[in-house]
Structure formats: C-alpha cells, structure tokens
Amino acid sequence: MTSNNTISRRSPLLIPLLTLLLFGLGFASKISAQTLYVKKSGTKLQASESARSQVLTTLNQGTPVQVVKKGKRFYQVSAGGKTGWVFKFRLSATAPQKSGGDAGLLGALGGRQKIAAKEASSGSSIRGLSPIAEKHAKKKGISETDIKAVKQMEAFRIDPKELDKFLKEGKLGEYGQ
Amino acid sequence: MKKTILFLALMAVILLSAQSSYSFRLDKFLEEVTKPPPEPKQQTSQEPAKAAPQNQPKQPEQQQGGGGLIGLGESLGVFDKKTSNILKQSVGTLQAFQPIGLEEEKAIGGSLAVEVFNKFGGPYKNPVLQNYVNLVGKSVAEVSDRPEIDYHFAVLNTDAPNAFATPGGYVFISAGLLRLLNNEAQLAGVLGHEIAHITHKHALQTLQRGKVLSGLSGLTMAAMDQDNNLFDQIINEVSEVLFTRGLDKDLEFEADKFGMEYAYRMGYHPEGLKNFLKILGKSQRRESSIFLSTHPSPASRFQQLIGLLPQYKGFALYPVLSKRYKTTVQGQL
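Taken in sequence, the protein lines are chains A and B. If you read the first sequence in my numbering, its first letter stands for residue 1, the second for the next number, and so on. If you read the second sequence in my numbering, its first letter stands for residue 1001, the second for the next number, and so on.
Treat the hints as calculated values from the structure; they're not laboratory data. Among the clues, some could well be false.
Anything over 10 Å on all C-beta distances counts as not near chain A; from chain B, calculated [as the list claims (entries may be wrong)]:
(1) 1159
(2) 1209
(3) 1282
EDC-like, lysine to aspartate or glutamate: derived pairs with alpha carbons at most 20 Å apart [what the hints assert, rightly or not]:
(4) A:139 / B:1150
(5) A:140 / B:1145
(6) B:1323 / A:162
(7) A:151 / B:1227
(8) A:138 / B:1150
(9) A:140 / B:1225
(10) A:44 / B:1227
(11) A:139 / B:1145
(12) A:135 / B:1232
(13) A:148 / B:1150
Ideal Cβ positions, reconstructed from N, Cα and C, are used throughout, including at glycine.
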C-alpha cells in the first residue's frame, strides 16, 4: 500500500461511516438530556414557579442548565449544584453566540480559525459609535447634533431594578400569567 | 489501513468519553480538535473577551489553516493530498462569504443610525418617553433570539408614523407613530418587529446579496478602514434598501412573525402588532410613512398575523396595558 492511495480506494464506505459516527454520537448526546443556556446575565433562579418566590441565585449569560421539569411559563432546572425555576423565555436551546464567525462544523472541517478580536467580543463589550461611522458622517456633512444623538442613545441605560419593577407592575415576563 | 483504523478509534474514544458530559456539543468538540497550536507567549497578555483597541494595527481577519479535521485526516494518511484539497475546496465554497462580525455590524448600524436622525427629524427630546420606549424595547429584546447584544431605543421628532432598525441594535420609533398607538402591547409589537430585523440580520443578509460585497470573501474592520470607498458604498447600499426601496417582502413578514412572538414571550397580548397595522392602514398620515411605503401593505401583513394567531393559546387575558401607555405618553407628545 503506497502513501498515494486514496481513502476511496481503501474503502469507499469509510467517509460515510466516519460522518455517521461523528453525527450519530453527537446526536445521541443531545437527546440524552435537555441542556438549555441562559440568555442574559442576571437571570434569576427562583425557589418556586413564581417570580415572587425567593431568588436562590442569579445566573450568568451562557450558563448551561439541565431541565428537570417543564411548567407553563417556568422550567425547573439545575445549575451549579442548585435546583430552581427560571422563566422559560430567558433560556435558549443554543449557547449565546459570539459575534459572527464560522467556528462551527464548516470551520472545524476546513481548519479555518478566526483570530481577530471580533471572535471573542460579546455584544456588550463593543460600545460606542465606531470611529469609522463618525468619520463617514462627518465626510457626508451630517451635523454633530445627529452624531451626538446616536452617542446619547447608546449611553442611555436602564437600571435592572427599574426594569424588574416595570415588569412586575405590568404583570409581564416572569410576573405574567 | 492501520492509520485509518487508528484515526477512527481516536475519534470514537474522544466522542464516547465526551458522552459523560450532558453538555457535549459536536461543534465545540470539533473546534477543540482543530485548535491551532498555542502561540508563543507575548509580553502583553490579550484578554479574549475584549475588542482590540482601535489604534492598534489590525490583525488579518482569517488565516487559512492547514489544520482542520481534513488536515488531521491528511496528516494521519487517511486522505491523500489530492482528496484533502478537493474536500477543502468544497468546504471553502460553502464558507464563501463569512458572516459579518458584530464589530463590523455595529459600525454599519451606527453609521445608519446617524442617517436616521439626519433624515427623519432628529431626536425627540423627552426623557420620559425615551425611558418608557427603552423599558418596553429592552424587555422585549431580552426574550428575543439575540438577547446578548445591547439594544438602544430612541424616539424621532417627526409626525410621520415611522419605525426603523439598523444593524447592531439601534431601534427608532417616531413621535407620530407613538401618537397612533393605543396601548403598550401595540408598542411592544412594533418594537418586536424592529428587533426581529436585528435578530435575524435582515439588512446584513440583503447587503451580502448585494453588488457591493459581491466578489468579497468577507467583510472586516481592517478592510473598511483601509478602503474608505468600501464603507461609503456599504452605507449607501443599505441606506437605499432601508429608507427607500425596502427589504424583501418575505423579510418583513418574517419580522412581523417574530415581532409578535417576542411580544408574546414577554407576556404582552400577541395581537398588539396586528391591531396597530389596522390602525396604520386607516391612518390619514399614512402617505408620509416610510414604515408604510417600504413595507408590504398593512392589509397583507394583518392577514398574515391572523393566520399565525392560532398557534398562541390562552392569551385572552394577556395585558395590553392601555392605561399605563396613555398615562405615560399623555402630555409628552
């Protein structure tokens, strides 16, 4: 057998078998238990199926949780050794994505790796109007007022406590029916 | 043949050992397999979670790896060079245009946000309204399919009933549109529609199919920095789509579908967006609305949403919050 022999000459079934093995095992692992991921940092893990119950802890974005039981609007989950209830729409079937990229199957097959900063950037780590956007606006003669308006829009923050109070008063989110 | 068996055995052992973890993910595993060797330590450590400072020389966006699963197979003798090249070319074709990264998306979206203020009346300077629209918008965005980015909401100082979204998380609603609404569920539906354009990257998809990016394999900050014309052309093209021509009809219907879904997830009555479309269709001010001229007719959108409603059960008692809407908005417009 020479080194020039192709895989297809050795066994035409090898590639399909290899693919089947990889996907089969990956699929089997996914159905063995349901893992969901926390969408946003600060998500509350509560003692019972109610937003008014004790907050056991808060979970960070991307934390994997194992589903124990599914309720109407809350899921009972275990995470980090604790079991409690989370508003189901604060959980996602997929881990929060890093920006852009093709770090999935195609990237893995081709060995194409992203090395720029954007790969590692989370949404909240890129703040403020981009210098290139500001330069473009000035070149087009757009007034400073409009540029400043975008910067003010970006700088505006809502206190998480105020948001929570807003939801509670409106019977929304975890406070809903 | 021995190498082939060795390769398969290695894959099987690693995969089976990974089964013990419930959170095993094939794509993560493949990333690990294809990870390039660690680079020599540099004097200054880089924090992977932070964006590179703007004044530093840009690194090349991608490097063609000789690695990857295919490369690994080649090095183990499973594939010969020719087979490996054919497989890599096929993967390369599928990778033809890299998704636009968040940094680039925000640069494009921020630039378009400046244009929105410039073309559509500037900011409506009212802290009460700004706070309220942000509260509703951020609530809905948090249960969307892309909650990890920062969303920013602003009110535009124009009587024309308009709403816009630009890539990267910028959402606008005009004072004129706020005047048309009757309750918070309608506002949540409208903002949900705009958020859905961002979560589903509709403007970026359209840009990637357009003429400016044809022939490019990817879009990077480095490329936009080096070629001012490229950024100008990108902004002009997206601006034309968003403010004049409109997105594809199907993308608007998709934004309606997800807009209604996001509002529902947050606990709002899901008929808010549908009921707003009815109001918009009858409005005297519809002629001046970009929201209307660049979108399918309110009647067709209304019909589509009616068709989607049966999937939602037991929402009759979901709040529309008309009292809170009127109390907050009254006297501010």
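Outcome of the hint check:
For residue 1159 of chain B, the non-interface assignment is confirmed: its Cβ lies about 18 Å from the closest Cβ of chain A, beyond the 10 Å cut-off. Non-interface status of residue 1209 of chain B relative to chain A is upheld: no Cβ of that chain comes within 10 Å, the nearest being about 17 Å off. Residue placement check: residue 1282 of chain B keeps its beta carbon more than 10 Å from all beta carbons of chain A (closest about 27 Å). Distance check on the hinted pair: residue 139 of chain A and residue 1150 of chain B sit about 27 Å apart at the alpha-carbon level, beyond 20 Å; violated.
This hinted pair does not check out: residue 140 of chain A and residue 1145 of chain B have alpha carbons roughly 34 Å apart, beyond 20 Å. Among the hinted pairs, residue 1323 of chain B with residue 162 of chain A is consistent with the structure: their alpha-carbon atoms are about 19 Å apart, no more than 20 Å. With a CA separation close to 25 Å, the supplied pair residue 151 of chain A and residue 1227 of chain B exceeds the 20 Å bound. Note on residue 138 of chain A and residue 1150 of chain B: the hinted pairing is violated, with a Cα-Cα distance of about 25 Å set against a maximum of 20 Å.
Of the pairs offered as hints, the one joining residue 140 of chain A and residue 1225 of chain B holds, with about 16 Å between alpha carbons and a cut-off of 20 Å not exceeded. Only pairs whose Cα atoms come within 20 Å are accepted, and residue 44 of chain A paired with residue 1227 of chain B is rejected, the gap being roughly 46 Å. For the proposed pair residue 139 of chain A and residue 1145 of chain B, the alpha carbon gap of about 35 Å is over 20 Å, so the pair is violated. Using a Cα cut-off of 20 Å, the hinted pair residue 135 of chain A and residue 1232 of chain B holds, with the two alpha carbons roughly 10 Å apart.
Among the hinted pairs, residue 148 of chain A with residue 1150 of chain B is consistent with the structure: their alpha-carbon atoms are about 18 Å apart, no more than 20 Å.
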